[in-house]
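Residue numbers (the numbering used here), protein chains in the order written: chain V, 1407 to 1765; chain L, 1407 to 1765; chain R, 1407 to 1765; chain E, 1407 to 1765.
Since the hints were made in silico from the structure, they are not lab data. Since the model is a prediction, treat every value here as computed from it, not as a measurement. One or more of the hints may lead you astray.
Chain copies aren't distinguished; within one or between two, either way the pair holds.
Quick list of in silico lysine-lysine cross-link-like pairs, DSSO-like style, CA-CA up to 30 angstroms [stated by the list, open to error]:
1) Lys1618 x Lys1429
2) Lys1665 x Lys1726
3) Lys1618 x Lys1546
4) Lys1618 x Lys1665
5) Lys1618 x Lys1726
Number of protein chains: 4
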Amino acid sequence: MVRAAIVGATGIVGQQFLVALRKHPWIEVAVLAASERSAGRSYREAITDPSSGALRWFCEEAPVEEVMGMPVQNAAELNLAAVDVVFSAIESGPARTLEPRFAAERPVISTASAFRYEDDVPILIPGINSEHARLLEVQKRSRGWRGFITPIPNCTTTGLAISLKPIYDAFGLNSVIMTSMQAMSGAGRSPGVLGLDILDNVIPFIPGEEEKVQRETQKILGAFTGNSIDPARFEVSCTCTRVDVREGHTESVFASTGKACQIDDVIRVMRGYVGSSNEAGLPSTPEHMIVVHEDPFRPQPRLDRDAEDGMATTVGRIRKDSVLPNGIKYLLVSHNTKMGAARGAVLVAELLIRDGYIS
Amino acid sequence: MVRAAIVGATGIVGQQFLVALRKHPWIEVAVLAASERSAGRSYREAITDPSSGALRWFCEEAPVEEVMGMPVQNAAELNLAAVDVVFSAIESGPARTLEPRFAAERPVISTASAFRYEDDVPILIPGINSEHARLLEVQKRSRGWRGFITPIPNCTTTGLAISLKPIYDAFGLNSVIMTSMQAMSGAGRSPGVLGLDILDNVIPFIPGEEEKVQRETQKILGAFTGNSIDPARFEVSCTCTRVDVREGHTESVFASTGKACQIDDVIRVMRGYVGSSNEAGLPSTPEHMIVVHEDPFRPQPRLDRDAEDGMATTVGRIRKDSVLPNGIKYLLVSHNTKMGAARGAVLVAELLIRDGYIS
Amino acid sequence: MVRAAIVGATGIVGQQFLVALRKHPWIEVAVLAASERSAGRSYREAITDPSSGALRWFCEEAPVEEVMGMPVQNAAELNLAAVDVVFSAIESGPARTLEPRFAAERPVISTASAFRYEDDVPILIPGINSEHARLLEVQKRSRGWRGFITPIPNCTTTGLAISLKPIYDAFGLNSVIMTSMQAMSGAGRSPGVLGLDILDNVIPFIPGEEEKVQRETQKILGAFTGNSIDPARFEVSCTCTRVDVREGHTESVFASTGKACQIDDVIRVMRGYVGSSNEAGLPSTPEHMIVVHEDPFRPQPRLDRDAEDGMATTVGRIRKDSVLPNGIKYLLVSHNTKMGAARGAVLVAELLIRDGYIS
Amino acid sequence: MVRAAIVGATGIVGQQFLVALRKHPWIEVAVLAASERSAGRSYREAITDPSSGALRWFCEEAPVEEVMGMPVQNAAELNLAAVDVVFSAIESGPARTLEPRFAAERPVISTASAFRYEDDVPILIPGINSEHARLLEVQKRSRGWRGFITPIPNCTTTGLAISLKPIYDAFGLNSVIMTSMQAMSGAGRSPGVLGLDILDNVIPFIPGEEEKVQRETQKILGAFTGNSIDPARFEVSCTCTRVDVREGHTESVFASTGKACQIDDVIRVMRGYVGSSNEAGLPSTPEHMIVVHEDPFRPQPRLDRDAEDGMATTVGRIRKDSVLPNGIKYLLVSHNTKMGAARGAVLVAELLIRDGYIS
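So that you can see chain V by itself, here it is in the shape it has in the complex (with noise of 0.2 angstroms):
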């Protein structure tokens, strides 16, 4: 079994790592670490509000009770020892002091933004570009790391990039117009959404969405030269806002495809798509990558979200579009707390099991 260390164990984006590393086939929890305030607690007590007594859970899965006992180290001062993987679940702040001295000894796979952006790491989605786990070697190389940084897509990039993999591969890419409509579940907790601001409501400015977005999925859909990764040559231009809905983000989106396409043609390759390097053994990977419905009320994010455990990318009311040169329009759904998160990270770290970057 290849030894997890959870750093940010106690917060939303932890604990769904808790849950999505129960009972997995490869991987334990072997170490929990947290702010100095938790540490040398139980995760019990680390998790306990001290004046009512109530647990601040925040998963709608039953808390985990296996790791209920184990005791929470300072992320500071976190020894790696019995560590082969560190899931860094912390802000992008901190993630920028501790994500590197974690990844001088052990291989680090972030939902942090801190280190996207950098050119010698690579933003994974296995299926999607699991050839930029190449990069890692360069990164190691270059930086003396015996480990890595490898972040995961902004929630909000992931079924998008996703959806336009197939079309780019089979016939290009010009442009992406996209319009999300996000959960809540995204801004986490700290502070979170309130129910005032949302209730009866769209609030149409995510700070900093737009650009994530737009350069995450030049990227992802990049191409891996050797050294370093030449962003997709296609431009994306997105307006974020966030709806009253719990999980489960919506994305309207224009594309214009490099060459004329049929709407038959889009939808059988978006159907027919399996991943870009035979990730169907992983024990994530979701049986459709892409689930496609012809029934023109769907996609729907309560009902669509949890399609394939939530990590499926479900799309429809796929249709031309007749303002840009070939273009097409569709909506999406994608989990942004299971795919688009802790369940897409442990995907990664599968991927990276298999091709033993991790072990």
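Since the structure of chain V is provided, determine the placement of chains L, R and E on it from the hints.
Coordinates of chains L, R and E only, in the frame set by chain V:
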């Protein structure tokens, strides 16, 4: 005073007309009409639920006591002798039959889509295309009617057309891509949107809506040629969705302007827009047809739908788009049941009264 | 296998029956029936919207493919030759006529209220009043039927009666005051609760609901006397409201017990409650009929409605009440469309199969 | 004009005070105070988010431009020379230290609970217990203050006490059982209620709330004895929950009256209730303190919270209860952030100005 008949007076749009006309300085409600079922009753009886005794009054505003004792006529046998203008708040199916009967005698202002796409029928938004009213003369001649039919746009078209008008005038338009997040009130109550379906959800499809918006926007911003309207030559491509919001449609717009423009210029022409034909003198014209926010968290439907009493279109996040030629992007909020429905129709009546089409 | 007919199969409760019976170990769906409109079509055709082609399938669970090709019979002319039990998911109006016809030949388990209050009709909750099944013999004799009608309770009664049963057994009950916060699914879809009405709101009235809960609770906890049921002698007074929740009724209960009791004892009898008649052997019986939380922030409908697959009643905040004699108070959450509807009815069928009433 | 200081002016309740005092005929905002962090800045600077430049203004009403340029003082070093009354909108922790300092010099009207339960402190609702103001003389003497502290009730107490007052006066009260469905605004914004937690949910616990309501209701309806308040002798037992509503607390009340009464009499005394001490002359007194509906679907928080500009308590579904001796039951809606917070405190100030306690 101009004497108005409200046809479809017992439904939600009919009731919005009653609210919109309460204490109106130029127009008085003279006749109420509805389906045969209500005919012969007082308005209060017609909207009283027989089993519970509760009033079936659907507006947030208090019931209009002044009309409660008025008799309700059968719309199919409406006597227009004491009526100067008909406000039609009926569905498109019956509108197709009934509105021509009314128009043979009197001006008809309609919220139904039945006649919107006919060559001799304008879709009026005062301040945006007031000069299209002249097409009504053509219509009267060609159909041999003493009156005419003039429908207002679909509620999703209204805010889009208003926000595009100053851009179109100043810079021209090549194309428009729009994704809407529409409020539930747009779907009415029969059957309307079920709470079960919309809670924690986004519905990605509103049948017929996208085609309406595309076609109506081109017609509204088109040129009156003397005999007909030459639609504006830019393409419009939409994806229309429903979100869990009561009132106020939010739209994410990407537009390609005819010539390059700076964002400051776009803001300036929107803020400075005062209408096309001296509409400021009409009782329902908002002080600002377009309100522009620079706070990136605006517009929000809950905070902005009631701007200028629901008659203004609120715009925010105006910025460059990297995909379209001379691309700009922004969001707007427009009140779909005020400017987008009954109050917008009343504003049309005011224009037509001022200009002598109704007397 | 017991062969079941689902009457009202195209509606939401009918579809919940199809889900509840999928892969059931004892019962198979043999016949589907609905109104004349659907008769003669395949189930798939009957639930396909003719204009859009969309499937009118209302459950969160995926459509039951196994029944899609089955023919739908006209409920009014239902052939029961190949049926052992009828699950009736129709409205109370038609139930009054149709259910006796079915019962003349076969056992009928109904979600309708039509016959709940008749003297020879039990309202069964297996594990709470299984012994009331013996009243079915009286009913068969008195009505001269080969079958019988046995309705399940109103969905709001179910959790209340279950939570009160161990208290009643251990300490007696003088009276019960309850305020419910009910989910929208309890109102179904025709017309159901409009999103426009429930968003940012509480609806303080559900016609007929309070009377049902008061009367049914007394009957369910009453004593079978050999010929009829002697209702329990405690008063029940309710206020039933609707909140913006999809599934799961929350109830705030204040109860006066017959003798004084400690809160620890109430918790103990609730936690220890295992049913009245060895129901643990039935396929659908939950492992715990009542789940008791000590975290004061539980139960919550979203977190607790699916406890034990929607078959448990979850209770929390059990504490002393200062108003009622021997007063206690608590909150409960009960899944109104699982234990409170189709799955509760299937549990009744299982009990009646085990005890020889259905064969 | 009476010159007011708003302490805690940058928070949500402080902002509600600014809205409530805008264009007030008797009171002007003279001083703004907040924590040290804001001290020395203009109000506009103090509420501007430094990273985004957005205004942290939390009310639905537009920001109060008149105060934007005013300097913000440090509440801990507040200069009261030019102040006649202090409105305190701070949390109970700091209130315990700061309010006595202010009260040593000036009258303090507080929304905090810190002093509500002290013997020489009244909890005033003008029109319900105006005569309790005389306890302020006792307080000033016993504490040796030139000013005094007078807190308003918890927002959930307000509507309950108001609705009970005419019943208590006319028929007496033995006991009250209440279940609340409270709006999110009552929890404020730090941290407030997360959308993630409340969507599709009910939260069954609000720490400390039930004890407050129980104790305050007895005190408010108690008798002033000359030196203290003798609490009313009826028991109150509550269960307080949170629902997905923005503003307006809904309460389900069951009450046992001292003598038997008819429902018509209850309606009559509620409708006829005009206050205890000629409060109709105050600027903020609603025309009707209690609005009674006979439509069983009322009150609803969204439709009724703004009755009489948020100052009335709306009651409906008044009917017999079968459990309590002389039992009646009803529902009420009360605006928790208008009558239940800043505007209620302003009404207290008006009473105290009229009666010479503030000058």
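Going down the list of hints, with the structure as the test:
In this assembly of identical chains, Lys1618 and Lys1429 lie within 30 angstroms of each other by CA distance neither inside one copy nor across copies; the values are 33 angstroms within and 46 angstroms between. Taking the closest pair of Cα atoms, Lys1665 and Lys1726 come within 30 angstroms of each other both inside a single copy (13 angstroms) and across two copies (26 angstroms). With identical chains, the CA atoms of Lys1618 and Lys1546 are at most 30 angstroms apart within one copy only, with a shortest distance of 24 angstroms there and 56 angstroms across copies. For the homomeric pair Lys1618 and Lys1665, the shortest alpha-carbon distances inside one copy (27 angstroms) and between copies (29 angstroms) are both at most 30 angstroms.
With identical chains, the CA atoms of Lys1618 and Lys1726 are at most 30 angstroms apart both within one copy (27 angstroms) and between copies (16 angstroms).
Going down the numbered hints, you'll see the structure goes against just number 1.
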